[in-house]
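Since each chain comes alone in its own frame, lean on the hints to assemble the complex.
Protein chains in written order, with my numbering: chain D, 1 to 388; chain U, 1 to 290.
Source of the hints: derived by calculation from the structure; they are not laboratory data. Virtual Cβ for every residue (Gly too), placed ideally from N, Cα, C. Just to be clear, a hint being listed does not mean it is correct.
Said to hold, decoys possible - Per the computed footprint, the stretches of chain U lying under chain D, defined by three or more beta-carbons under 8 angstroms from a beta-carbon of chain D, are: (1) 3-13; (2) 119-128; (3) 133-145; (4) 213-222.
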Amino acid sequence: MKRTLTRIAMATVVASAWMSGASAEEFLVGAEIPLTGNLARVGAGMQEGIMVAAEVFNKTNGKHTVKIITVDDESAPAKAIAAVEKLASQGVVAITGGYGSNNISPASDTANKLGLVYITSGGVDDSLVSSGRKNFFRINNTAGYEKAMLGMLADVGAKSVSIVYSTKDATTGLAKDVEKALLAKGVKVTSHSFDPAITDFKPIINKIKLQDKSEVVAMVGYENDYVGIIRAARVLKPKIKAMVGVWSLATPKMAADFPDLMPNVFGTALLAYPTEFKTADGKAFSDAYKQLYKKEPDYLGQFGYVQSMLLFEAIARAADKGTVKKGGVAEEMRKTDRETLIGRVQFAANGDNQNFVHRMAQHQDKKVVIVWPKENATGKLVYPALPW
Amino acid sequence: MTELILQALYSGLLQGGSYALIALGLALVFGTMKIINLAHGELVLLAAYIAYSVESGLGLGPMFAIPIALVIVSLTSVGVYYIVSRIKKDREINSLILTYGIGVILTNFILLVWKADIRSTSSSWLQEGFEIGPFFSMRSEVIFFGVSLVLMAALWRWLATSWYGRAVRAVSSNRDAAKLMGIDPGRTEMVSFLVAGILAAFAGVALFSYGVIQPAYGGALTVKAFIITVLAGIGSIPGVLIAAVLLGVAEALTVTLASSALQELSGMVLFLLVLFIMPNGLFGAVRRRG
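Okay, chain U solo, but in the shape it has when bound (with noise of 0.2 angstroms):
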């Protein structure tokens, strides 16, 4: 039973680290703009696909597809933007449907152009096993988690030091006072949103490398980062990842202990239970008191 539990931690922990890295586009996007872009699981397939199509047409590995699906992901991202910045009125809940729209066309366009099969590396060398001691994964989990811990210290360094960063977390904090500073809102909206296709692009090559991609996996995508975000608090970084560690390995250890057809019960159930006791999310109320 012990070996079974540690697998399991190990197991929530490499998930965690995947949820991490593709709930962090929308983490920021929601931070700055209090819009949940519920196309943000499209651009994570977007990206996925990508990969896709760089192993199976040039036959190099899905990391190679990394710069391509920077500039398309990023791109899409920052055309996303330009559409939602028309609303003019009650913004919050005219980009839930605008979003979601944008995410029904991103979905159809990818059926049309990469139909409806089943995707996933053919590496053999992402796919091998790697154990370290006791503990067993794939080798593309290892990795991606590697990458989704330098993404997550190289955003929160970009959020703390670079003018653009203090720049949309001023933009977060309070739009017309940082208008009033000289800061441009929508100009730092748009890179909040360029940065997020950059991180969705990283994750979408991620889910690739580790997972199994079809069209309409995005819907599924956008709940998992919506419920991650919400769980770690608005604008709160680490908390994107200490929460997206919560949900794996409360996922993993239901499936051990209990039953794995309770896996996604268990994560709306944390997700419940955290907003119950604290609202503003496990990193949320942490900033306001301070």
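Pulled out of the complex, with its shape left as it was, chain D reads as follows (with noise of 0.2 angstroms):
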């Protein structure tokens, strides 16, 4: 009897350690990310996040573990595909990165062909979410620009507005939708594309200066066109009242690199700088961001951070469902609903986030102030207020 018993209570302890052994397993995520090529600098930003973000869920979650595999898909998009197919081939359970629309529809597709969920914040044309990816997820789209930048329009009363852009599909995107609004509302609207490949903006700032004479000139575009606009602007000198940009704009390292160039221009920002974090979630971001990279954390950063934080407990809780190979993660994905670095995040039947809101930031005094929307403000919007 007493041999019995002893045989049972060992067997329970060997059961019970397998079993805990079993459930606690270390899940392979691939970053399929622009390391290199046009979009490298965005790219790396990205990388940083998701890989404070592994720091901080393999330190938090106490039962699962997540190993990041890096390929780079050289800002091209068939290299973004045979990224996605090399880590598929490693074993990855899903995938988060991605940058640029044009990169990520490829991308995308292929891990929706081969069952994997694809997350990233890269990618805002609206044909991401339209073609029946069962498995894509963003946190960020063109909506959410758009709002932020026709709220802060319609504060400072803007009546005519020069939309210059890039041909990209983002850009174009972004701003075909915030000319199609602001004509909605009376306002007065040219639109001057570009080229990508455009370095010498004079002669659009000249005809947006002689021509059409309007009070704010809207940017859509990247970095190294925000600098050739402003530059351009600043030599020419047209009789606007701001100058207002989207992404990669209103960050401390445009005003850290363009000092002259940044003064009073605004663009879409999730945190003002200084950096200042209230909440647990983005204080561990901040002190993990720090801790790796020895700087403060960027709004790619943030971005990345929150993308895969999210994939990272869908994954965690399918694994506890027994669901990760079933296409539990991606069911787990559709229940996400919670508050984060960027605010609430829900996803909707196509993928995309139905709460992103931007918000819109000005340069004041080599700070990044947040202006609209009111209740998140941390100062006072300038307008009319000019980078010269």
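Dropping the structure here:
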């Protein structure tokens, strides 16, 4: 009897140990990111956020861990497809990353065919969520940027706007949406598209100065475009009241690298600078980021962190239910409903974060001040105000 | 409208000067060795990043980077020559592949050292507006347009009067005959790469001073330089300036009168049009008839 009880006890201990070991898993997660090519700068920023998310998740989850495998997509669509295929062959359970709607589209198509969840913050083009990809998720979208820009322009009462936009998919989409919305409100709008390779913006700004005579120049492009446009405007000095951009503009990096060009320029931003995180999630992110990279976090890292953390949490929930290999990750992603550093995230049936609304910030005295919406403002909106 | 067009012509002229500075080195090597150095854009970019390092590290203006850029970029250019000179067969085709690979190596070296962030001068003085009557530009654009003219004149004179300059022209014309006349073609070709490196150094510092740089830009610079070189016609230095200005003006007028989205297309259309009408380039045919 005693021997039987001992055997039962030992079997129970062994079974418990085996079960707890079996349910705590390490999951491979793929990061398909541009680390070289035109998008290397933003890709590197996003990767930092992904690695910080992995670090924080592994420390806090207590049960499951993730290991990131990164493949460079070289800012090229064909290489993005190859990167996803390579990650799939290495046994990843999902993919985080991607930048540029032109690259994300084929990459997420591939992920979809391979049955892998693909989450990104680098593609805002509407076609990404209207093509029936069941495993595609994104935490930001054109509508969020549009709402922010339109909200700020309405608050300042702009009556005429010249939109200068790159002919890439995401920038064209946003510019067209903003144009349509402004026209519907009775604002006079003129649009000037430009080839991404353009470096001299003086002819465009001169047209705005002499023909459009708008109150506001709205820029929809990337860092190098903004620098070129603002430089041209500083030379030609059109009689405008503000220069407004979207992503990658209202950042501490732009303030530090181009101090003469940034004063009073508006752009979208989720964080003021200097940054102050008040939530536990924010502090964990900030502390881990500074420890790993010895610098202040930026918006790219923040987006990379949020998208990845949501993914890791979904993987963990699916793992607990034993459904990781049975489409459980996508299912858990659809159930996501939580406050994050970018606000509340909930995914609609098409994978879009239906709650995403950006904020507008303004460069003031080498700081980035959130000026719209008023409930999130960290300072006063200064208008009219120009970088010269 | 007149004001718009005049400003476009002025902007196009200045932009053309910048293009000419970038294209000159490629044109020289192409003329001498019939080799398209696909790493030329990366050499220009290397000089631009050296200018960035001097400005950000030492707090000096980009112009002070010129001596350092001259040494590093011209030595790198000579290094490219030594690799290319190892090709024994089908030099024209094989050098394309080889220099493309060297370009990839240089791009990734730049990415490794300087990262992917966009860079440009933070010098207020260089970025300040410069007005000549009704025409507007950045101060740096005018300065480097002048530098471009001086360098072109200096190169033209060097080719016309110096021993090595005449040797370069002789080798370009007939390599074997030049050898028979006592000219060392290998050394002459090396000199042309060295001079191309010197020109790329100036072009890179100029680019940093008026534009924005990123590691991935090298390829685009090489393509622009190649278009201008072919437009000009092989071996024509003044042709490079005229072709570059033509391209700059065509682009500026397209943006002004049509759409900025068509800027790059206008350059390509001009390229194809000139080649269709004058297959040897603007000045290549004239030289042959002469």
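Outcome of the hint check:
1. 3-13: Per the Cβ count (5), the hint holds.
2. 119-128: Since 5 is at least three, the answer is holds.
3. 133-145: holds (count 3)
4. 213-222: holds (count 4)
When each numbered hint is compared with the structure, no violation occurs for any of them.
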